[in-house]
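Protein chains in written order, with my numbering: chain V, 545 to 788; chain H, 222 to 454.
Quick caveat, the hints were computed from the structure, so don't treat them as lab data. Hints may be right or wrong, so weigh each one.
With a cut-off of at most 20 Å between alpha-carbon atoms, the simulated EDC-like pairs for lysine to aspartate or glutamate come out as follows [said to hold, decoys possible]:
#1 560(V) / 427(H)
#2 645(V) / 328(H)
#3 645(V) / 425(H)
#4 645(V) / 381(H)
#5 566(V) / 340(H)
#6 560(V) / 399(H)
#7 633(V) / 423(H)
#8 566(V) / 334(H)
#9 645(V) / 449(H)
#10 349(H) / 553(V)
#11 662(V) / 577(V)
#12 645(V) / 427(H)
#13 327(H) / 631(V)
#14 366(H) / 553(V)
#15 366(H) / 612(V)
#16 349(H) / 666(V)
#17 349(H) / 663(V)
#18 429(H) / 649(V)
#19 349(H) / 577(V)
#20 329(H) / 610(V)
#21 329(H) / 631(V)
#22 329(H) / 612(V)
#23 329(H) / 613(V)
#24 394(H) / 423(H)
#25 349(H) / 649(V)
#26 560(V) / 340(H)
#27 760(V) / 681(V)
#28 327(H) / 553(V)
#29 633(V) / 326(H)
#30 633(V) / 426(H)
Pair ranges (Cβ atoms, derived) [stated by the list, open to error]:
#31 607(V) / 295(H): 42 to 52 Å
#32 402(H) / 647(V): 29 to 39 Å
#33 647(V) / 355(H): 45 to 55 Å
#34 402(H) / 645(V): 36 to 46 Å
#35 647(V) / 316(H): 34 to 44 Å
#36 331(H) / 688(V): 31 to 41 Å
#37 673(V) / 355(H): 30 to 40 Å
#38 355(H) / 688(V): 43 to 53 Å
#39 645(V) / 316(H): 55 to 65 Å
#40 601(V) / 331(H): 44 to 54 Å
All residues carry an ideal CB built from backbone N, CA and C; glycine is no exception.
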Amino acid sequence: MEQFFTKSEHVQNIIKGFNLTKTLFVSSIIIGEENIGKKLLVRHLFPNARVVSGDDQEAVVAALSEYDELIITDFEKLSNQESLNLDNKRIIATANYIGNKQTIDNLFAFIYTLPSLKERLEDTAHIKALYIKEACDNLMIDMDEMSTQDIPVNLTQNSKSLKSTIYKYLMTHSMNKKDIQEAVHSYILKELHGNNGYKEHLSLYEKPLIEAGLQKFGSQLQLSQILGINRNTLRKKIHEHGID
Amino acid sequence: MNTESINFQSFLDWDNSPFILFSSLGKILYLNNSAEILFGYVSKQELYDLALAYAPQNFGYKTTTLSLNYDSFTFYAITIGYENEEQISIRFYNAPRIRSTTPIEKDKLVTTDINLLLEANIALFRTKNPNHLQLLTDHDIPAFKIDQNNFSKLLRKTLDSFRASDSINITLKLLTGEHVIISGKKKAIVQLSIEANGRYSDADEEVKSIAMQCHIAHLLKERTIKLEIPLIT
Chain V
545 MEQFFTKSEH
555 VQNIIKGFNL
565 TKTLFVSSII
575 IGEENIGKKL
585 LVRHLFPNAR
595 VVSGDDQEAV
605 VAALSEYDEL
615 IITDFEKLSN
625 QESLNLDNKR
635 IIATANYIGN
645 KQTIDNLFAF
655 IYTLPSLKER
665 LEDTAHIKAL
675 YIKEACDNLM
685 IDMDEMSTQD
695 IPVNLTQNSK
705 SLKSTIYKYL
715 MTHSMNKKDI
725 QEAVHSYILK
735 ELHGNNGYKE
745 HLSLYEKPLI
755 EAGLQKFGSQ
765 LQLSQILGIN
775 RNTLRKKIHE
785 HGID
Chain H
222 MNTESINFQS
232 FLDWDNSPFI
242 LFSSLGKILY
252 LNNSAEILFG
262 YVSKQELYDL
272 ALAYAPQNFG
282 YKTTTLSLNY
292 DSFTFYAITI
302 GYENEEQISI
312 RFYNAPRIRS
322 TTPIEKDKLV
332 TTDINLLLEA
342 NIALFRTKNP
352 NHLQLLTDHD
362 IPAFKIDQNN
372 FSKLLRKTLD
382 SFRASDSINI
392 TLKLLTGEHV
402 IISGKKKAIV
412 QLSIEANGRY
422 SDADEEVKSI
432 AMQCHIAHLL
442 KERTIKLEIP
452 LIT
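Turn these sequences into a full structure, and let the hints steer you where they fit.
Set out below in structure tokens:
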């Protein structure tokens, strides 16, 4: 059974509602933004139920006539919602948004709204920790060398952006010199053309060098000494790369 | 016809219309079974005042058509009568209950523990209204036949009208001594009562319509909704 973790009281009430009606023939729908765990939640609650996607209208109609217990994902994609008969069945649907409010209201007995991750910060910390562990395992990175606090939490696309930001962060922060050279190599191979290539791509090296140097040493004077270049040259380059 | 030897009291006792006999001081001298239930919802003083207000000017009987409403009781007329200075009687005329024309769809009825549906709906409701809610329920109510999906919709819409309410009290109980006739058979009644400091009435028509479909008598007031659910077994 897939695990679903939550500390949110709102979500716990949804789970309670489902658990109470698990054996009854009622139709329920969970509505909420993309990538917030709707499908994971229903699969966790109804591990033996047949799952069919609203992407495939014919499959939904066929499954409805065959099964008394059915999970319909992406319900908003069904264009024949009004003609569906969900009576006397255990239907659990998920949808990213409500298309026709009246139709949803007529079809479903229980209409739950699952809050986005932004509204469930207590859950986000747990999900972030899970993703970090998963990413470390997959990328074979030793997390002990890094601080999880520094990994940014990007919830613009809920778990999708959260996960992708974690993977990107861990990859970029665990690269060695050779990895970076390989990455630059691959990039240059794709992007190098025209007649001013050297100058155009110098920023790949100079910009992060100056930005990181300023962050590390604070003053331009000190950085110019560390880099072994003239202070005026450094100031010119800061201006050229638009560094604050 | 000589009827003097006939004791009419039991006819009156079992009359479905409430009948009360007051003394001149407003003390109850007699009341029938139906009036006994009525007193669960209205005070003695209020009914005595009503009797005095609509009493005929002289000895005799006077029927007045008016619309009276006490909880789920609705009356369309009252008769007040007195033959001496000592006693005054009041009789209420029950307004006919609107009968649902929808036949019961027996294949949709599944034996259900009503508490499950109620608690699941309360869990759903709590996701929308964090205010304090008190539930008083009778777990001894036997499982009975319910159209689970439709009844859940009715509960959702009913509770939804309290979405911004405070101090919500929900009571589920078996109404003792009251019955409803469905398809010619007497059924006990389970009453769900929800009361708060106020409520929305935007979905009242839908609540009424689904209640009718489910053969559930409904009473919608400014701060209360009561549903009388037939206990079909």
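Right, here's what the structure says about each hint:
Taking the CA atoms of residue 560(V) and residue 427(H), the gap is about 26 Å. The hint is violated against a cut of 20 Å. Taken as a hint, the residue 645(V) and residue 328(H) pair is broken in the structure, with Cα atoms around 28 Å apart against an allowance of 20 Å. For the hint linking residue 645(V) to residue 425(H), the alpha-carbon distance of about 17 Å falls within 20 Å, and the restraint holds. Distance restraint check for residue 645(V) and residue 381(H): the Cα-Cα separation of roughly 15 Å lies within the 20 Å cut-off, and the hinted pair is therefore satisfied.
With a CA separation close to 13 Å, the supplied pair residue 566(V) and residue 340(H) stays within the 20 Å bound. Between residue 560(V) and residue 399(H) the CA atoms are separated by roughly 34 Å; this puts the pair beyond 20 Å, and the hint is violated. Straight-line distance between C-alpha atoms of residue 633(V) and residue 423(H) comes to about 29 Å, which puts the hinted pair past the 20 Å bound. For the suggested pair residue 566(V) and residue 334(H), the alpha carbons sit about 13 Å apart, so the restraint of at most 20 Å is met.
For the given pair, residue 645(V) sits about 28 Å from residue 449(H) by alpha-carbon distance, which is inconsistent with the 20 Å threshold. Simply put, residue 349(H) and residue 553(V) have alpha-carbon atoms about 11 Å apart, close enough for the 20 Å limit, and the pair holds. Simply put, residue 662(V) and residue 577(V) have alpha-carbon atoms about 11 Å apart, close enough for the 20 Å limit, and the pair holds. As the CA atoms of residue 645(V) and residue 427(H) are separated by approximately 14 Å, the hinted pair is consistent with the 20 Å bound.
For the hint pairing residue 327(H) with residue 631(V), the CA-to-CA distance comes to about 13 Å; that is within 20 Å, so the pair holds. Using a Cα cut-off of 20 Å, the hinted pair residue 366(H) and residue 553(V) is violated, with the two alpha carbons roughly 32 Å apart. In summary, the hint linking residue 366(H) to residue 612(V) is supported, as the alpha carbons are separated by about 19 Å, within the 20 Å threshold. Between residue 349(H) and residue 666(V) the CA atoms are separated by roughly 19 Å; this keeps the pair inside 20 Å, and the hint holds.
A C-alpha spacing of about 14 Å is found between residue 349(H) and residue 663(V), which places the hinted pair at or below 20 Å, so the restraint holds. Restraint check: the Cα-Cα separation between residue 429(H) and residue 649(V) comes to about 15 Å, which is no more than 20 Å; the hinted pair holds. For the given pair, residue 349(H) sits about 17 Å from residue 577(V) by alpha-carbon distance, which is consistent with the 20 Å threshold. Distance check on the hinted pair: residue 329(H) and residue 610(V) sit about 18 Å apart at the alpha-carbon level, within 20 Å; holds.
Taken as a hint, the residue 329(H) and residue 631(V) pair is honoured in the structure, with Cα atoms around 8 Å apart against an allowance of 20 Å. For a cut-off of 20 Å, the pair hint linking residue 329(H) to residue 612(V) stands: about 13 Å separates their Cα positions. Distance check on the hinted pair: residue 329(H) and residue 613(V) sit about 16 Å apart at the alpha-carbon level, within 20 Å; holds. The straight-line distance between the Cα atoms of residue 394(H) and residue 423(H) is roughly 27 Å, outside the 20 Å bound, and the hint therefore fails.
Distance check on the hinted pair: residue 349(H) and residue 649(V) sit about 16 Å apart at the alpha-carbon level, within 20 Å; holds. Our distance criterion of 20 Å between C-alpha atoms is met by residue 560(V) and residue 340(H), whose separation comes to about 9 Å. Between residue 760(V) and residue 681(V), the direct Cα distance comes to roughly 30 Å. Violation of the 20 Å bound is thereby established for this hinted pair. For the hint pairing residue 327(H) with residue 553(V), the CA-to-CA distance comes to about 38 Å; that exceeds 20 Å, so the pair is violated.
In summary, the hint linking residue 633(V) to residue 326(H) is supported, as the alpha carbons are separated by about 15 Å, within the 20 Å threshold. Proposed proximity of residue 633(V) and residue 426(H) is contradicted: the alpha carbons are some 26 Å apart, above 20 Å. Between residue 607(V) and residue 295(H) the C-beta distance comes to about 47 Å, which sits within the given range of 42 to 52 Å. Separation of residue 402(H) from residue 647(V) is about 36 Å and conforms to the stated range, judged on CB atoms against 29 to 39 Å.
The beta-carbon spacing between residue 647(V) and residue 355(H), approximately 34 Å, falls outside the hinted interval of 45 to 55 Å. Taken as a hint, the range 36 to 46 Å holds for the pair residue 402(H) and residue 645(V), whose Cβ atoms sit roughly 38 Å apart. Judged by the Cβ atoms, the range 34 to 44 Å given for residue 647(V) and residue 316(H) holds: they are separated by roughly 37 Å. Under the hint 31 to 41 Å, the C-beta atoms of residue 331(H) and residue 688(V), about 56 Å apart, miss the expected range.
At about 38 Å, the beta-carbon gap between residue 673(V) and residue 355(H) stays in the expected band of 30 to 40 Å. Range check, residue 355(H) to residue 688(V): about 52 Å between beta-carbon atoms, so the 43 to 53 Å window is met. Taken as a hint, the range 55 to 65 Å is violated for the pair residue 645(V) and residue 316(H), whose Cβ atoms sit roughly 36 Å apart. Separation of residue 601(V) from residue 331(H) is about 28 Å and departs from the stated range, judged on CB atoms against 44 to 54 Å.
Hint violations for this structure: numbers 1, 2, 6, 7, 9, 14, 24, 27, 28, 30, 33, 36, 39, 40, all remaining hints satisfied.
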